[in-house]
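S.K.: If you want the building blocks of each chain, they are given just below.
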Amino acid sequence: MSDYEFDAIVIGSGVSGGWAAKELTEKGMKVLMLDRGRMVEHSADYPFEGTGPWEQPYRGQTPPALLEDDYYASRYGGAGQTAVKGFMNNDRLNPYAIKDGPEFRWVRPGTVGGKSITWGRVSLRFGPQDFEANGKDGHGNDWPIRYDDIAPWYSYVESYAGIAGSKEGLPHLPDGEFQPPHPMNVAETWLKTRLEKAMPDRKVIHIRTANMTEDKPEQGRSRCQSRSQCNRGCSFGAYFSTQAVTLPAARATNNLTLLSDQVVTSLEYDPKTKRVTGVRTIDANTQTTHTYRSRIVFLCASAMASNQILLNSKLPGSDKSFADSSGKLGRYIMDHPMLTLFSGNLPEGIHADVIEYGRKPAGIYIPRFRNLDGQDADADFLRGYGCQGGGSRGVSSAVGFGASMKAGLRTYGLWSVGFNVFGECLPYLDNTITLHPTKVDRFGVPQALFNVTYRDNEKKMMADGVRQGRAMMEAAGLINISAEERPHIPGDSIHEMGGACMGKDPRTSVTNAWNQLHDAPNVFVTDGSAMASTSCVNPSLTFMAFTARAADHAVKQVKAGAI
Amino acid sequence: MAHDHSRIDRRGLLTGILAMVGGVAVAPIARAMQAGMDPGYTPANPFMTADQRALTAAVSERIIPTTDTPGAIAAEVPAFIEMMLSEWYWPGERDLVMGGLAAIDAAARKTHGKPFAAIMSEQQDAILTSAMNQTLPDAPADSFEHLRQLVIFGYYSSEIGCTVERVYLPVPGRYDGAYPYSEVNRVFSS
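Order-wise, the sequence lines are chains A and B. Residue numbers for the first sequence follow the working numbering, beginning at 1 and rising by one. Residue numbers for the second sequence follow the working numbering, beginning at 1 and rising by one.
Okay, chain B solo, but in the shape it has when bound:
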């Protein structure tokens, strides 16, 4: 399905149809809404429990929340993280990120008696702030920064990140090294 879509895009691009952004924004949002949490990936070695998936989704969404544009969950960042951790990362790095997630969940359970995914956003943000400041008990050093970078990369390389949050320019057609930011008030993506 995604494959067909890319082929259509490519043909459009090469005939010059897809020279500008505009209309492509709607499709990925609609698809994400329909698909719910369908990751769009099938990790070769899925390893997270249901609780870990819910935790990953909740943390991702607080790092990049839904605002006037979709957030990390709509952009399928949680599934991306599981895929990367299972297939791309070295085992030591995976343990680091998973250790950080576990420490975040443990703090929620200790302070609020509930899993991180079930507490209020303000409570979640307080725990994540502690994780960012490296004051969370039992969190491996730099584990939150690894997690944060993974969420950022996953979001801004997703279709939503590239085409909805940012302004996708697959074929700029020209270069202007003095283009007014006020014309776009966003960041271009490629």
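Okay, chain A solo, but in the shape it has when bound:
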């Protein structure tokens, strides 16, 4: 197709990179996919899948000293589990400037497949109101697209990935292409019935999840086996991951070259043609440097890592990034505050004779109910939040010791339900990622420095979540109710977004409506960094949809000779 080594280079192999590789190779492009992490092959490299705790070092619990030294951020993404640690970044070897700004927990993966192996799999669409919010309340840049622009691409990725959920007809949480939902247990059904009756503006629905309830034999994937050990890797391919879904598709085209252990340090830019002309790498094991060349580049390194790469990609003879003519690169960093928690027990005797068989990979969801029809009179904050949770029945607590304690631990306690509140964070110009002026990593790349804080709106929203959570638990008739907030640390929900935000105007935004850099139209940034706002829903499905949409546009542009 061209004089380049490759038609396209995809930087990163996580949720977004995997989709970019799949779509571009299937459209006939020769693609090089680079990942800084080590190789993980589907099934073969899931060493702890299907093992009992006695078969794992320290019964599956990473020693605390190791967590403090090597996984001080990854510990918030599951590195405390032996079976997950191997998929996470070693923060000692690959640090960021965590001590130099307000606390930001940058949870990173350490392998090919990125966070797609260990993600939470909740797959919800942004609603029409999410793409309108910035324009309406003036925070951040107005999105250059609307829901209808992305809706068909949601359908496209949902159908292939396999999303289980229920159609609910909610305008602000649009339905998608769903497999049947994972069934509710008796506690979840009990809560749904009682809460929806007591508070008619609240809904309790199956959370929508990328864990299949039907087989996809054409992809070699089976439905969920109810092990709920997803983040160890799943040889059934029951949940969406690069390894199970997009990588096999891309490989099947014979158009893919995948290189692991390749750290992208920066992009080479030609100011005359306004194009990126090369991708500079360093081999994580051999320290060998190389510059790969292609016609187009998909930057999918993860939201913050893509920012770091762009910030480190200078105009020739300048210390300014080529991608920052707007002055907005690295700004509007967002995450979902989520440490508002509420829970309760079903009263004694309710469903006392039944328990759970198997382990469900997904729970229930109370979709956003705040500020949907204009501003609620009693809401002192903008936008809203959703509540993610589930019902379960745990083992009775251990009382005393000896034979009586042992007998007691053969029984179950009361059914319980519990939720986390996920709130929308407003885009703030001065919530930033920058490059540390002096600290570099072992590859000579300046370390990422975060200056991200939650503000008044987030604090009021999370406090409202406590009040509403308690009210909902009370209205449903639960007992032992708890509703509380813990410190909301940005990064905690691992939904970090922004920094290369989309917008209509090149003077105020970094990427356009097709995820293209305003400053280099042959670069498409399709991970979370391009998000102009966060909604209150989990974002990975949206990254998939944007990536597929951008790939389609990119190939058309290439074929038309436009880029």
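Don't read these hints as lab results, they were simulated from the structure. Watch out, some of these pointers could steer you wrong.
What the hints assert, rightly or not - Stretch by stretch, here's where chain A covers chain B in the computed footprint (C-beta under 8 Å, at least three residues): (1) 43-56; (2) 87-97; (3) 140-154; (4) 168-177.
What you are looking at is a predicted structure, and each value in this text was computed from that prediction instead of being measured. For each residue, glycine too, the CB sits at the ideal point set by N, CA and C.
Fit chain B to the given chain A structure using the hints.
M.R.: The following block gives chain B in isolation, referenced to the frame of chain A:
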């Protein structure tokens, strides 16, 4: 040896052979009987004396005794505790647990003139009750609770705990959120 076993399990699991529990129960008991006190672990920094090991075993077995299913010793909990204390715990936590054990043994020697491991079960239980109620002389605060939690974790994460005492479900295959407890009368493990 244990490694081979896990590999066989995993292959069985992935081909769907090991979909239910049943037969796996016998193997770990048999192995535990043969192995006696073989811990199955080699602590990187073994630090207990023979007396401390006997004490740890005796206390563990009273916290989770042999009933209709094996107890803490058969489940190799004492060796697990030594391994965790030497390799996993912070030094301060280790001192806390060891201080609690020492206080338990001292009470046995004072009251009965023998080490804790050598007195009758009823006598042992009386001392442990005192430890639980935080009335044992010289026992660091909360040391018994730390020890108790360590025994509970070690037992229910062991092969015996997961597959004999509990009903191991590595591949449930389906989810039922209204499953009669009377079908199992036990707790499922994973």
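S.K.: Decide, hint by hint, whether the structure agrees.
M.R.: Status of each hint after checking the structure:
no., hint, in the structure
1, 43-56, "violated (count 0)"
2, 87-97, "holds (count 3)"
3, 140-154, "holds (count 4)"
4, 168-177, "holds (count 10)"
This entry does not satisfy hint 1, going by the numbered hints stated previously; all others are met.
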